[in-house]
Amino acid sequence: MTDVQPAFAPIPPALRRRRSPKRILSAWGFGALGVLSLVAVWELYKLLGPEDGVVIGDIRVLPRTSDLAMPHVWDMLTRLAEPVTRSADALPLWVVVAQAALVTLGIAAVGWLVAVVVGIGLALVMQRWRIAEWGLLPWIVLSQTIPLIAFAPVVRSWGSRVEIGAFEWQDWMSVALIASYLAFFPVAVGALKGLQSPDAIHVDLMHSYATGWWRSLIWLRFPAAVPYLLPALRLAAANAVIGAVVAEVSTGLQGGIGRILIQYAGQASGDPEKAWGPIFGSIVLGLVAAGSIAILGAILKNYRRVEVNT
Amino acid sequence: MTSEAVTITDVDKTFETRSGQVSALQGINLTVAAGEFVSLIGPSGCGKSTLMRLIADLDTPTSGTVQVFGKSASHARRDQDYGIAFQQAGLLPWRTVAGNIELPLALHGIGSRQRKERVAELIDLVGLSEFADRFPDQLSGGMQQRVAIARALAEKPALLLMDEPFGALDEMTRERMQTELVRICAETKAAVVFVTHSIPEAAFLSDRVVVMSPRPGRVQEIIPMRLGAARTEGLREEHAFFDMVTAVREALHQGSPVPTGPRGMETR
Chain A
1 MTDVQPAFAP
11 IPPALRRRRS
21 PKRILSAWGF
31 GALGVLSLVA
41 VWELYKLLGP
51 EDGVVIGDIR
61 VLPRTSDLAM
71 PHVWDMLTRL
81 AEPVTRSADA
91 LPLWVVVAQA
101 ALVTLGIAAV
111 GWLVAVVVGI
121 GLALVMQRWR
131 IAEWGLLPWI
141 VLSQTIPLIA
151 FAPVVRSWGS
161 RVEIGAFEWQ
171 DWMSVALIAS
181 YLAFFPVAVG
191 ALKGLQSPDA
201 IHVDLMHSYA
211 TGWWRSLIWL
221 RFPAAVPYLL
231 PALRLAAANA
241 VIGAVVAEVS
251 TGLQGGIGRI
261 LIQYAGQASG
271 DPEKAWGPIF
281 GSIVLGLVAA
291 GSIAILGAIL
301 KNYRRVEVNT
Chain B
311 MTSEAVTITD
321 VDKTFETRSG
331 QVSALQGINL
341 TVAAGEFVSL
351 IGPSGCGKST
361 LMRLIADLDT
371 PTSGTVQVFG
381 KSASHARRDQ
391 DYGIAFQQAG
401 LLPWRTVAGN
411 IELPLALHGI
421 GSRQRKERVA
431 ELIDLVGLSE
441 FADRFPDQLS
451 GGMQQRVAIA
461 RALAEKPALL
471 LMDEPFGALD
481 EMTRERMQTE
491 LVRICAETKA
501 AVVFVTHSIP
511 EAAFLSDRVV
521 VMSPRPGRVQ
531 EIIPMRLGAA
541 RTEGLREEHA
551 FFDMVTAVRE
561 ALHQGSPVPT
571 GPRGMETR
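These protein sequences, in sequence, are chains A and B. Using the numbering used here, you'd call the opening residue of the first sequence number 1 and step up by one each time. Using the numbering used here, you'd call the opening residue of the second sequence number 311 and step up by one each time.
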């Protein structure tokens, strides 16, 4: 929203902010329409597309339309309700996926928390000392250019050597650490921008009140940073989930959704619909993670009366 | 405490810029008595805002001294001897009207009961009692500016520093705010240093008007306003008032090499 209201005719915020039931309904409607049109594109291509896909030169630009490569949407959905394996006591696929997703969500949440602490810590250092910003920011940007799968095994092997007293490094901690590595970046950048966002007039005002750095931080800079922090935290949540899933795959951690993603993909030749279960699971996982930040946003709504677009 | 609110002695201010040193203020000498209303007026770039920032210790002079109630400017700032208001209201958008007014009190650890009483007084003073729980984005520009003035008065300062506080307001709101400021000053007995672009505004409000010349900023002339104590709406139409406006305008034109009048000056 970029509409600028003239100073003389302030529109009551009730009209601006609180969304009417009608608008909420239409938002959900458009969301459902988006999903449905995706389903329609999938099924239409499967119906009309060539059996062997579209190949230009040696590159297949569109996939094969066989049931193996593109199962029907309804087949994928019904597969979710069927048991995982043929054994008598097997749970339905969706339960197994949900359990694995919960494990991954837990790990991602730990990674997210670590990322928030580290990201805000870095932002504080960079805000406090200009020279730290010059020194640190390029490295923070550079850190994101290292591919995850390159250092995931390194983290795991280092982690396995960590043992301090009763504390022993667990494999899931490596995954959480890798998730936090991917998630701290938006937090650090967003928090820095937010902490630097107060107007000169507000900084002058705090100075005139003889307020020190710490107290200005709490009274001015953190509240002013909220509109910048919320999108950063949402991005970090999504990144933490991606980081956790990828790290589960590359460190071979059992129990999470990354593991069954690989496992079921291996069984796809015999049971193609099954491989899509964990994929749907990870989509829901990402949505849940990002959506939970919306709750934080609702709690902090007074601090985002002036919305920023980042 | 001395009888002088502000004493400025031989103050120079130069800014370091990429293209060399720029002299913003040169040889400024000025005193403001306790309870006196002094306006700083001059064309854009004459350093009047800089001078106010020196008094507020938001900047430091290159040479010379600024004393506030006999103390150094930075000492006076730490003692909270002044209240300040800027051209923009500068309210914190996440705090209500009451929350913004009580900000300096809360920052300085005043108890919540005293804070509440003081805020109620101030909200009353600026006539916003019904808006205590509103947020700044729900207020008009004039109302926001009144909140900012209430905030500046929160700690009962004996000195008010105001940098074009009505500059962004429309003419009607502006005149009403001027009348209110006169009333508030009479009630609080605070000395005021008031930076403005507007000649009638300076003439209406001030005991003395300090006319400044640009580049480097100097005090060109100090004109006492002989308008008596009663600053009411009626004054705006009196002969004496027009005489004072003319006096200030002539002083301003004297310092300007441009025959058409100083640029950036409002003569309304």
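Careful: at least some of the hints might be erroneous.
As the list claims (entries may be wrong) - From the derived model, a few chain B residues whose C-beta atoms are all more than 10 Å from chain A:
hint, residue
1, 328
2, 346
3, 375
4, 382
5, 387
6, 398
7, 414
8, 447
9, 493
10, 517
11, 544
What the hints assert, rightly or not - Beta-carbon label-pair distances, calculated as ranges:
hint, chain 1, residue 1, chain 2, residue 2, range
12, B, 434, A, 144, 26 to 36 Å
13, B, 341, A, 199, 27 to 37 Å
14, A, 199, B, 552, 35 to 45 Å
15, A, 279, B, 421, 56 to 66 Å
16, B, 550, A, 298, 42 to 52 Å
17, B, 331, A, 158, 51 to 61 Å
Hints listed in this document are in silico derivations from the structure and should not be mistaken for laboratory results. The C-beta atom is built at its ideal place from N, Cα and C for all residues, glycine as well.
> If you check each hint against the structure, which ones fail?
Replying inline: 5, 6, 7, 8, 12, 16
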